[in-house]
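Novice: Working from the sequences, and respecting the hints, build out all of it.
Protein chains in written order, with this note's numbering: chain A, 458 to 948; chain B, 161 to 559; chain C, 261 to 353.
Please keep in mind that the hints were generated in silico from the structure rather than gathered at the bench.
All values derive from a computational prediction rather than experimental measurement.
Beta carbons are placed, not taken as given, at the ideal position from N, Cα and C, and that holds for glycine.
Listed below are the simulated DSBU-like cross-link pairs for lysine-lysine, each with C-alpha atoms no more than 30 angstroms apart in a straight line:
1. A:K776 with A:K843
2. B:K429 with A:K936
3. A:K731 with A:K625
4. A:K877 with B:K171
5. C:K348 with A:K625
6. C:K348 with A:K936
7. B:K339 with A:K916
8. A:K877 with B:K328
9. B:K171 with B:K328
10. A:K916 with B:K171
11. A:K877 with B:K203
12. A:K916 with B:K212
13. A:K916 with B:K203
14. B:K328 with A:K916
Label pairs and their calculated CB-CB ranges:
15. C:K348 with B:P401: 15 to 25 angstroms
16. B:H480 with A:E708: 26 to 36 angstroms
17. A:D572 with B:P400: 22 to 32 angstroms
18. A:E708 with C:R344: 19 to 29 angstroms
19. B:P401 with A:S709: 27 to 37 angstroms
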Amino acid sequence: MTVPGFDIAVIGGGPAGLAAVQVATSAGASVVLIDDAEGLGGHYYKELPPSGGSRDPKRLSKKEREFQRLKQLIAQCGATTLLGARVWGIFDGSGATFNGHSANPDTGFSLYLEDTSGGSRALAARSLILAPGVYDRPLPFPGWELPGVLTPGAVQNQLEKQGLLPGKRVLVAGSGPLQMVVAAALLRHSAEVVALLDSSGALAGMRDIPSALPGLMSRVGEGADSLSALVRHRVPVLFRHAVYRAIGTAESGVQAAVIGRVDAQGYPIPGAEKEFQVDTICCAYGFVPSIAMTLHLGLDHHYDENLSAFVPGFDEHMKTSLPGVYVAGDVTGVGGKPLAELQGQLAAYSALESMGKLTNQQAAHYYSRLIPSMRREQRFARFLWKRYRLLPGLLELADDDTLFCFCEAVPVGALRACLKDGGCDLFGVKLRTRLGMGNCQGRYCIPNAALFIAAHGGKPVAELDLPSIRPPIVPVRMKDIAALELLPQDE
Amino acid sequence: MDISVNTLPRKAEVVIIGGGVIGTVIAYMLAKAGIQVLLIDQKEIGSGTTSKAAAAALLQTKTSAKKLALANRSLLLLDDLHDQLGGSFEYAHTGSLLAATTEDEFQLIKQMYVTLQSLGLTVDLLDGQQAREMMPVLGHSVIGASYSPRDAQINPLELVVACAQAAKRYGAVFANYTKLLGIEIVGDSIVAVQTSAGRVLTDTVINAAGVWASEVARLGGVELHISPLKGELLVTERLPPLMHGTLIAAKYLLSKARAEGEVGGRTPKRTVGITLVQVAHGNLIVGSTRELADYDMRSTFAGIHELVKQLLELTPALAHVHLLRGYAGLRPLTPDGSPIVSRTPQIPAFIQVAGFGGDGLAMSAITADMILGLLTGNPDHELLANFSLERFSPSEISI
Amino acid sequence: MNAFRLPEITRGAPFEIEVDGQPVMAYEGETLATAMQAAGIRAFATHAQPHPSSRLFCGMGTCYQCLVTVDGQPNYQACRTLARPGMKVETHP
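Specialist: Spelled out as structure tokens, the structure:
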């Protein structure tokens, strides 16, 4: 069977991926851009689906206009774009997963994808640029399983991609640069935001502002808009506060939220609880880089203390530990759009150089322009995550009955029992409790489990081995696997 | 909160190397009999081949009178274990259905049926329609089957954990992440073991190290030829109860026989034999491939693809079910395909319990019983004679 | 009822889907999660989930907490499945 082959497969259609595609195609590489959403833009540019109604074109914001231009460029640049397509497995020339073995430059990468509408496809690529982004990091607390408890990403997606206001009386909580933005968006659409909680202190991370100033200045406008909306609507902003529990029923969902103070380490300080009547709790604590695919490829990862998360290793040319595989964007360190674009470009120049479509001299020219800018943006990112650092005490908001792993219904108590019984790492916890063995393949519970283990006397997080991710890395219907034919070299 | 790292005792009557299903069931039975046991595992107990097992303990697939008798006795012992341990380890005699899709396969099943009946195993022959009534997920490609009600399914990890917990209650000590570094031998006796967590005085060592049994044996100067036979398996999402018992494709028997015969170093080929069982949590476990791939446990597209294709040929109704992951394990095989449960001739106190292939789960109880007999002065010589190291030539186990 | 369609958006003609036997309105481009939320249905229960309820959580297809049965087939992510005329959705199969 003939299988489409490309020089570069870019996985992820957010700012990093889009930047990579533009650079790669401009040098004449054949490029396929793959994203599992129905539209491009990742989590930065969000819009209604083409068939899903429209907003008044005269009232498009600067960002929305920028996105329209970008989409046009991508449509015209010669790349093949596959939307609604999930990569479920990447195999080497012998049809086996990578797991740390090096890629043969001649046989490259075999990718298998499932389309949202059903059906599957295979394609081959010489190089991969992975820009899978991040997802919200929710932490468990009593009642978090109730309908109406959502992540900020869910609220944004509902508002911007679906034109739906998910709740009328909302508590926004957690920590991170987006909470303010989400709260402002809710207010703009006439929801009531009863309070905005931030588990960080008001002045947290401020010592690092000087080094972060250049990056900060470019974002001041965005932040100021959100802040003024909060002030206008007199939304109480409570620092060093967190949601203690959600109250409601399984059928009707959230009806109230109990909030309380936390100390500088995030530990609850009981005694001053407040209850708000709400129908929605929007809560998450920062982000988790989406590393399922990078783990599946067996790339080296390390723990980023600042982010409190594992990230794939990469050098200044965005090369990872596997030849032919590059990373770009938030997955490397949650640095926001400017950094993502720079890294996308860098990764593409790097890939082009490796495959001889750019001379070393030409590539060096681009590196010398991009790398200093990248470093500046990374300094900003470091400041940001010092400000919104994940506090260890926040894990104590959950009680023993609180579910830690939804997919397998593993309560916190089971995790504790496993650790008490001598388990000390993710492998043992997964084996004993089945945590991470469900549909989401541990995306939500494994990162939290790593923190929990470290906080409860197990190995420090940086020393934990991440469990292996086996294909398919997203659940795939068996008919969609059977329908595929083997790529010639996979026999 | 302190995590208790198991501190090793200064001495132990018996040291067991390997905490898979074999090692832990042995540990339980010995500890219950009052023997002071230390079990060490290089990782977590149950994390080796046991964690990859396809969860079934089958009777009707045994190809000889001896193997059947053994499997039968083992299941009876597992029944006892089930009662004693109090935990369920999801053990139940849910039966197995061996399904044929071709006339040749059905012929084979009919021949086996005659043999099994003569050996006293109750098996029912079914036509395609009856098979589908018994197991509605089956499609119309099935033309006949044999049903064996006594076959069982188990949760291997829960069995390991249940045995370990019970063994600890009888005074056994378990140490995870503890590797055997050496065995101190004086003359033909064992004096102590060296581990990564310290030295332990002992005079008996049981090698139950699964696919790593050769490595462990070598530390005692013994050469065991254990080859890993790789198997890929699949796990689906959780589903409502839709089948009872284990489905086996008759092709499986051919696959098993061929693979075990090929261990003598021939060209590695991948064979596929479908087994399907629904575990207590609702997931379906689909087994499995067989190929010699050394210690490579990587998933392959071809392995996943072939398993899915062959499964859907048998059970087209499962086409919409989501696959959650493919995984792989290594079955430890001996040169003749039969396990080793034996003292080492040169060092009698170094006991090899190795090479159970894909039957470790089913054989665990009877093996532990043999070891118990051996160490309490009550050996079942007749049974043990089948698994002795002495059946191999001296050069195959030379020091 | 907590979820509301934003009024400033121009939508096409609505169509009907069925949720647990009841008619629910949907517009083209909307996911099942959106149509159901807008109809006041935010608790879905599925047989294969070990915990009591299924619901919108991450809204981006990574958490698998919003599973529903569609036209007799289980485990569709409501937040990723587009509503189509005549679709039969079950939340308590």
